[in-house]
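Undergrad: For the record, the sequence lines run as chains Z and S. Taking the working numbering, the leading residue of the first sequence gets 1, the next gets one more, and so forth. Taking the working numbering, the leading residue of the second sequence gets 1, the next gets one more, and so forth.
Note that these hints are calculated values from the structure, not bench results. Glycine is no exception: its CB is placed at the ideal position from the N, C-alpha and C atoms. Hints are supplied without guarantee of correctness; some may be wrong.
Some chain Z residues close to chain S (C-beta under 7 Å, calculated; not the full set) [unchecked claim]:
no.: 1; residue: Ile-33
no.: 2; residue: Glu-34
no.: 3; residue: Phe-87
no.: 4; residue: Val-97
Below are the BS3-like pairs computed for lysine-lysine, each with C-alpha atoms no more than 25 Å apart in a straight line [as the list claims (entries may be wrong)]:
no.: 5; chain 1: Z; residue 1: Lys-96; chain 2: S; residue 2: Lys-30
no.: 6; chain 1: S; residue 1: Lys-25; chain 2: Z; residue 2: Lys-96
no.: 7; chain 1: S; residue 1: Lys-70; chain 2: S; residue 2: Lys-2
Derived Cβ-Cβ restraints for the label pairs, each shown as a range [stated by the list, open to error]:
no.: 8; chain 1: Z; residue 1: Gln-19; chain 2: S; residue 2: Gly-113; range: 27 to 33 Å
no.: 9; chain 1: Z; residue 1: Ala-45; chain 2: S; residue 2: Gly-31; range: 40 to 46 Å
no.: 10; chain 1: Z; residue 1: Gly-69; chain 2: S; residue 2: Gly-111; range: 39 to 45 Å
no.: 11; chain 1: Z; residue 1: Gly-69; chain 2: S; residue 2: Asp-72; range: 36 to 42 Å
no.: 12; chain 1: Z; residue 1: Ala-45; chain 2: S; residue 2: Glu-94; range: 53 to 59 Å
no.: 13; chain 1: S; residue 1: Asp-72; chain 2: Z; residue 2: Glu-92; range: 20 to 26 Å
no.: 14; chain 1: Z; residue 1: Ala-42; chain 2: S; residue 2: Lys-30; range: 27 to 33 Å
no.: 15; chain 1: Z; residue 1: Asp-89; chain 2: S; residue 2: Asn-102; range: 34 to 40 Å
no.: 16; chain 1: Z; residue 1: Lys-96; chain 2: S; residue 2: Gly-31; range: 19 to 25 Å
no.: 17; chain 1: S; residue 1: Tyr-12; chain 2: Z; residue 2: Ala-45; range: 26 to 32 Å
no.: 18; chain 1: S; residue 1: Arg-58; chain 2: Z; residue 2: Ala-85; range: 18 to 24 Å
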Amino acid sequence: MADLYTVNKSPFEKNSLEQAIRFSADGASILLIEDGVYGAMAGTAAEGLVKGASGRKFFALRSDVKARGISEDRLIDGVELVDYAGFVDLVESTDKVQAWL
Amino acid sequence: MKLAVQVNEGPYQHQATDSAYHFTKAALEKGHEVFRVFFYHDGVLNGTRLTTPPQDDRNIVNRWVELAEKYDLDLVLCVAAAQRRGLVDDGEAERNGKDATNIAPKFRISGLGQLIEAAIQSDRLVVFGD
Numbered sequence: 001m002a003d004l005y006t007v008n009k010s011p012f013e014k015n016s017l018e019q020a021i022r023f024s025a026d027g028a029s030i031l032l033i034e035d036g037v038y039g040a041m042a043g044t045a046a047e048g049l050v051k052g053a054s055g056r057k058f059f060a061l062r063s064d065v066k067a068r069g070i071s072e073d074r075l076i077d078g079v080e081l082v083d084y085a086g087f088v089d090l091v092e093s094t095d096k097v098q099a100w101l
Numbered sequence: 001m002k003l004a005v006q007v008n009e010g011p012y013q014h015q016a017t018d019s020a021y022h023f024t025k026a027a028l029e030k031g032h033e034v035f036r037v038f039f040y041h042d043g044v045l046n047g048t049r050l051t052t053p054p055q056d057d058r059n060i061v062n063r064w065v066e067l068a069e070k071y072d073l074d075l076v077l078c079v080a081a082a083q084r085r086g087l088v089d090d091g092e093a094e095r096n097g098k099d100a101t102n103i104a105p106k107f108r109i110s111g112l113g114q115l116i117e118a119a120i121q122s123d124r125l126v127v128f129g130d
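Can you build the whole structure from these sequences, using the hints too?
TA: Written out as structure tokens, the structure is:
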């Protein structure tokens with residue numbers, strides 16, 4: 001089983017998304033929460049990071065996306081929205097959880 | 001699944017304590033066990049009963065207390081972090097000669113070993129903070 005990485009900082013503030021992608025193994029899941037959800041927006045300088053990370057599954061916390069006024073049609077293709085129950089399911093279905101703070 | 005949760009950030013700082021609370025609540029509502037919530041660094045500020053946020057704002061401390069009462073959660077403040085930030089229970093007041101306590105109900109102050117134990121005993125450790 002693969003690992004789950006949580007990223008809670010904007011890719012325009014810190015490089016934690018880039019690092020999480022770089023250090024994650026193939027098959028890893030990366031969950032964007034809090035300001036990390038800015039990394040899920042299409043048409044930004046960070047889009048290439050996410051699109052270039054083949055073999056990684058990307059998720060974003062729906063309530064944090066909504067709280068920042070990001071409409072769902074502005075999300076990068078392939079980013080899946082989850083709620084907190086989905087967050088719990090991701091934790092359960094992966095081997096371990098690493099927070100990239 | 002048995003979970004341990006670590007909170008490294010103070011309330012009303014960014015969003016980490018909110019995330020940790022909603023995650024913990026969702027896990028409990030799904031029937032998972034939360035072995036312990038360990039508050040570290042500025043996270044210990046989640047455990048003072050003296051906060052008075054505006055009435056139309058969420059009360060982060062009371063929210064933890066209510067969740068702990070409902071699910072008998074173990075809420076632990078790191079003792080060294082608590083001493084630095086003035087979080088005091090009866091034992092700490094006596095030991096350090098303080099004239100008051102401020103710890104919220106359902107919270108307790110203990111050592112870092114409680115975090116290690118929680119990590120060993122649980123299937124997953126989920127960390128929230130800066």
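Undergrad: For each hint, tell me whether it holds in the structure or not.
TA: For each hint, the structure was consulted:
no.: 1; hint: Ile-33; result: holds, 6 Å
no.: 2; hint: Glu-34; result: holds, 5 Å
no.: 3; hint: Phe-87; result: holds, 6 Å
no.: 4; hint: Val-97; result: holds, 5 Å
no.: 5; hint: Z/Lys-96 to S/Lys-30; result: holds, 19 Å
no.: 6; hint: S/Lys-25 to Z/Lys-96; result: holds, 20 Å
no.: 7; hint: S/Lys-70 to S/Lys-2; result: holds, 17 Å
no.: 8; hint: Z/Gln-19 to S/Gly-113: 27 to 33 Å; result: holds, 30 Å
no.: 9; hint: Z/Ala-45 to S/Gly-31: 40 to 46 Å; result: holds, 42 Å
no.: 10; hint: Z/Gly-69 to S/Gly-111: 39 to 45 Å; result: holds, 43 Å
no.: 11; hint: Z/Gly-69 to S/Asp-72: 36 to 42 Å; result: holds, 38 Å
no.: 12; hint: Z/Ala-45 to S/Glu-94: 53 to 59 Å; result: holds, 56 Å
no.: 13; hint: S/Asp-72 to Z/Glu-92: 20 to 26 Å; result: holds, 21 Å
no.: 14; hint: Z/Ala-42 to S/Lys-30: 27 to 33 Å; result: holds, 31 Å
no.: 15; hint: Z/Asp-89 to S/Asn-102: 34 to 40 Å; result: holds, 37 Å
no.: 16; hint: Z/Lys-96 to S/Gly-31: 19 to 25 Å; result: holds, 21 Å
no.: 17; hint: S/Tyr-12 to Z/Ala-45: 26 to 32 Å; result: holds, 31 Å
no.: 18; hint: S/Arg-58 to Z/Ala-85: 18 to 24 Å; result: holds, 20 Å
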